[in-house]
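Student: The chain contents come next:
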Amino acid sequence: DAKTTQPNSMESNEEEPVHLPCNHSTISGTDYIHWYRQLPSQGPEYVIHGLTSNVNNRMASLAIAEDRKSSTLILHRATLRDAAVYYCILIGYQTGANNLFFGTGTRLTVIP
Amino acid sequence: DGGITQSPKYLFRKEGQNVTLSCEQNLNHDAMYWYRQDPGQGLRLIYYSQIVNDFQKGDIAEGYSVSREKKESFPLTVTSAQKNPTAFYLCASSPSGDRTDTQYFGPGTRLTVL
Chain A
1 DAKTTQPNSM ESNEEEPVHL PCNHSTISGT DYIHWYRQLP SQGPEYVIHG LTSNVNNRMA
61 SLAIAEDRKS STLILHRATL RDAAVYYCIL IGYQTGANNL FFGTGTRLTV IP
Chain B
1001 DGGITQSPKY LFRKEGQNVT LSCEQNLNHD AMYWYRQDPG QGLRLIYYSQ IVNDFQKGDI
1061 AEGYSVSREK KESFPLTVTS AQKNPTAFYL CASSPSGDRT DTQYFGPGTR LTVL
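These protein sequence lines map, in sequence, to chains A and B. So in our numbering, spot 44 of the first sequence is number 44, and the numbers just go up one at a time. If you want our numbering, it's the position in the second sequence, counting the first as 1, plus 1000.
With the rest of the complex left out, here is chain B (with noise of 0.2 angstroms):
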């Protein structure tokens, strides 16, 4: 089955900890996209990358990082220069990151600092 995997589902953090959020597809997408969610509030766009070896920083990218090395992986870095990190995060792709595409989302990937 084609699709998007993130893991793991639920992830606590102690303070000061790097932690490495995964992203996979199998969709053959060119364009990869990680998000942050807040309790009730809507989606911020972290980082997005149309191609590999490329990637642009979103509105909230201080305290994250990305790497985009294979095609169907885009892992997210959440770094200890992140002052509030607990949040659920989604991972996103599309097939060329054109304005028609249609973004498909993984199950999410809830992170605890403890």
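Looking at chain A on its own, in the form it has when it is part of the complex (with noise of 0.2 angstroms):
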């Protein structure tokens, strides 16, 4: 199964650009990369996802690396309400109860 790694917490100030990293270097060639959040005691919300190349949407930007082994969800300007768990998922072809893993993400901790 394809795994991701990330940092256990990250703290940004206000109003500053975040990068959170995701190493996922057993990824397959046609795993999409997907990024979501959790706010405490709610569901996790979609942020964006991607296979190759760079990706933007309101929320963020998503840098994927050239040779796909890591990638970096990017916050232009963090607020208060970006404060949350951030999670890296593969999803490959074989979707399906083998390729659904969230591991423990990363807390964004924004410091007014």
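Just so you know, the hints here were simulated from the structure itself, not pulled from any lab data. Remember, it's a predicted structure, so these values are computed and weren't measured experimentally. Keep in mind that a hint or two might mislead.
Claimed, not checked - Sample of chain A residues with no beta-carbon within 10 angstroms of chain B, all distances over it, derived: (1) Glu11; (2) Glu15; (3) Ser25; (4) Asp31; (5) Ser70; (6) Thr72; (7) His76; (8) Ala78; (9) Val110; (10) Ile111.
What the hints assert, rightly or not - Here are the simulated distance ranges between beta carbons: (11) Met59/A <-> Ser1096/B: 18 to 26 angstroms; (12) Pro112/A <-> Ser1067/B: 34 to 42 angstroms; (13) Thr79/A <-> Lys1009/B: 23 to 31 angstroms; (14) Glu1062/B <-> Asn54/A: 37 to 45 angstroms.
Even for Gly, the Cβ is constructed at its ideal location relative to N, Cα and C.
Two chains, two frames, a set of hints: combine them into the complex.
Tutor: Written as structure tokens, this is what we have:
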């Protein structure tokens, strides 16, 4: 199973950019990289996903390394509402019970 | 409004009792998921269903059972065989289970065994 590793925690000052890293050295060529975030006592919410090219949406940007063994979620200006646990997961063609692994994620603290 | 509902929000169970957690979605999604989350931990997949009347066991299916008789409903039963059921349970759905799908999560049910 393709797995990801993320730092347990990170801090950022409010209104500054945040770069959240994710390593996925065993990624296969067909795995998509997804990011979700979870606020306390809530279900996770989708942030962004990509395959090879960098991706942008209204919430964040996703930078994917050329060899795809790592990726970085970029929040351009952190706000207090961005304080959450961020999960990086891989989902491949054989979607199903063997390919859904959220890990422990990165807890982002935003300092006012 | 479209979305996923889980009920109840909080559930208390005595040891030895079975309990069923409800999950309903009106997003017309084919795929549905059940996850378990322990304090300070990530999500672990219990069961996954890609279509009605079909489901697959996840990493921690022992002590749990599911059914998928209707597209919009995916109830999870926590049986007395589950040795440590106290946890936060999350249900999710996605359009087809494809690798590009976004999963939409419900608000969760917090189960406590007394």
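Student: Does each hint fit the structure? Answer for all of them.
Tutor: Structure-based check of each hint:
{"no.": "1", "hint": "Glu11", "verdict": "18 angstroms, holds"}
{"no.": "2", "hint": "Glu15", "verdict": "28 angstroms, holds"}
{"no.": "3", "hint": "Ser25", "verdict": "19 angstroms, holds"}
{"no.": "4", "hint": "Asp31", "verdict": "7 angstroms, violated"}
{"no.": "5", "hint": "Ser70", "verdict": "19 angstroms, holds"}
{"no.": "6", "hint": "Thr72", "verdict": "19 angstroms, holds"}
{"no.": "7", "hint": "His76", "verdict": "21 angstroms, holds"}
{"no.": "8", "hint": "Ala78", "verdict": "22 angstroms, holds"}
{"no.": "9", "hint": "Val110", "verdict": "19 angstroms, holds"}
{"no.": "10", "hint": "Ile111", "verdict": "21 angstroms, holds"}
{"no.": "11", "hint": "Met59/A <-> Ser1096/B: 18 to 26 angstroms", "verdict": "23 angstroms, holds"}
{"no.": "12", "hint": "Pro112/A <-> Ser1067/B: 34 to 42 angstroms", "verdict": "47 angstroms, violated"}
{"no.": "13", "hint": "Thr79/A <-> Lys1009/B: 23 to 31 angstroms", "verdict": "27 angstroms, holds"}
{"no.": "14", "hint": "Glu1062/B <-> Asn54/A: 37 to 45 angstroms", "verdict": "41 angstroms, holds"}
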